[in-house]
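Novice: What follows is the residue order along each chain.
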Amino acid sequence: MSALGGPKQTGGVQSPTAIGIVLSIVLIVVALGLAYFLVQMAGVLALVGIIIGGVLVAFGVHFVPVGGAPAAMGQSPGIATGVAMLAAGAGLAGLFGGAWAAPLGLAVALAGGAVGGGLLMAITCTMVNVIYIFGMGIPAASGKVAKDPITGDTFPEYKSQGTEGHGLPFISWVGGVIGGALGGLGGTLIYLELLDIYQAQLPVLLNATVEQIAPVAISLAGIFAVAMFLINAVLAAYNITGTIEGPHDPKFKRFPRAVVAAAVASAVAGLFAIGLLQLVGVF
Amino acid sequence: MEEIVFGIGITALAGALATVAGAAEDVESDIGSQGDPNSQVQLAPQMGYIHRIFNKAIAGEPPAYGLWVALGAGLAWAFMAMQINPILAIVLGSALAVFVQGIYATTAYLGRTASLAKFGQPVYIDILKSMTTVTMAHAFVAIFTTVAMCHLMISALGHPFPLPLLGIVWGIALGAAGSATGNPFYGKERQYQEQKFGAGVPISASGNIVRYAEAGQRNSLDNGFFSAKLGGPASGICFGLIVFFELWRTVVFEELNIWGPIVVGVVVILIFAIIDRYIEVWARKNFGPYTAPEEASS
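In the order they appear, the protein sequences are chains A and B.
First residue of the first sequence? That's 1 in the working numbering, and the numbers climb one at a time after it.
First residue of the second sequence? That's 1 in the working numbering, and the numbers climb one at a time after it.
With the rest of the complex left out, here is chain A (with noise of 0.2 Å):
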């Protein structure tokens, strides 16, 4: 029990709540009218897109194991940065991947940017732990886990007094690659949307070619692209609250929460950025 007498912190399952369900269906509801209402049918099929890129950011994040303060005294296992930090830096890695492989289609884009993202979290997380074996002289051991659920390693006996664990264990590893996969995929879905629908209404509104609008389309959608990133990033940081381990974390059963909300909060912000050439032309 806090001292604000919220509900008591659990580190299992908290399903949304049934309100908190109908309000968000009601929400993204809401958004892809209005989304049909500005762009008919490209713009439904946009935010759903967007939609989708959002609900991966924020399940990716839930995989990468961050430590914050504690990991940097070797008090916890993880990745010594914030969960929304390090979850935005490999996303926007990837985004930077995808964006580039934009040109070669749809699937290569996607797949660029999930590679992108896995390559920075795979570098950091060795380099994480070269610094700890070798800078420090610490072992990797998960104070969540006996037993590591990959290679069988066993933890306990590796733990240093007084801490929760220490280093990067291998499950912790696979975890940071496949949340900066899913991190830079989700943010190429959502820049490709978004460049498409901007490729599409700026040489109408600016009476120019597809050429010469590019560089505003490309600047527009990136700007969008990196802001939903920190959006689902952020939120999914408050859903994990503090440390996370990984996959094999008790606290990764709480991504239905935010999974839930990322949608409700994509649908309403890529609402904004969908609409925002129609605003322009309204005003």
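Hints should not be assumed to be uniformly reliable.
As the list claims (entries may be wrong) - List time: in silico DMTMM-like cross-link candidates among lysine to aspartate or glutamate, alpha-carbon distance up to 20 Å: (1) B/Lys196 / A/Glu157; (2) B/Lys129 / B/Asp222; (3) A/Lys251 / A/Asp148; (4) B/Lys285 / A/Asp148; (5) B/Lys229 / B/Glu214; (6) B/Lys285 / A/Asp153; (7) B/Lys285 / A/Glu157.
What the hints assert, rightly or not - Residues from chain B that keep clear of chain A, each with C-beta distances beyond 10 Å, as calculated: (8) Gly48; (9) Ile58; (10) Ile84; (11) Ala117; (12) Asp126; (13) Glu280.
Unchecked claim - Where chain B lies over chain A, by a calculated footprint (3+ residues, C-beta under 8 Å): (14) 69-79; (15) 135-142.
By construction, these hints were calculated from the structure, which means they are not laboratory data.
Glycine is no exception: its CB is placed at the ideal position from the N, C-alpha and C atoms.
Put chain B on the given structure of chain A with help from the hints.
Specialist: Positioned in the frame of chain A, the structure of chain B alone reads:
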């Protein structure tokens, strides 16, 4: 073929710039105590340990670096639009961004430290005067190299994003890589040197940071000197490898097949998985299980 060789050259240069950026970023954030272990610097006076360490963490490193690099890149972009030579434009843009970082460092140190007045922690003006310029110098190196790297990605490799947007993307990635890799070395190995090597810091020791250096009271310049030995270079290698592999796989393998960069990316991820697993097993074998020290050090 010639194009690929040119691309590899640019990739190598971008990777080298990123390596310098990562190293400078980590040392800067450790001098300014901006990374995650900053909570210990903030906590120490509350536990009765007065110290002379700079403390400027308001936001984390990734958003802060996202701002500074985007600012440097945006200004450089504007100068280039005014037909100023790109190199001069990047230097000017980065220099102006560093002044913002300097203002941030000054106000953050004064604000954060003043909030600890009730615990008897003084604001040391000599610390403010000597450390701010040092963090600014390191920040300039990090911002300049990152903006230059972003400019190379656009002008030589043809990335579609405009310079300021690429600045946000790589600024946040720089902060994420630097804070992830460098922070534990500063947080555990530097702040808690009296703790046993080869073990994590017990939670009960929180705030009990080491406050004395080889010659008198420790200040943040000692932290920079210490971080430059391993935390900084490791962060540099981390960010350099990220940038290098992101560019290299695209530049070299896109010519063969549009799926080439993706396949190579997956292979590189698997190679890093093997490296990680190898060092994990190596550590378990060589360090062995945890043994409690005979006399508890906390």
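Novice: It remains to establish, for every hint, whether it holds in the given structure.
Specialist: Results for each hint:
no., hint, in the structure
1, B/Lys196 / A/Glu157, "holds, 17 Å"
2, B/Lys129 / B/Asp222, "holds, 16 Å"
3, A/Lys251 / A/Asp148, "holds, 16 Å"
4, B/Lys285 / A/Asp148, "holds, 16 Å"
5, B/Lys229 / B/Glu214, "holds, 16 Å"
6, B/Lys285 / A/Asp153, "holds, 12 Å"
7, B/Lys285 / A/Glu157, "holds, 13 Å"
8, Gly48, "holds, 19 Å"
9, Ile58, "holds, 13 Å"
10, Ile84, "holds, 20 Å"
11, Ala117, "holds, 23 Å"
12, Asp126, "holds, 27 Å"
13, Glu280, "violated, 6 Å"
14, 69-79, "holds (count 8)"
15, 135-142, "holds (count 7)"
The structure fails hint 13 only (numbered hints given earlier).
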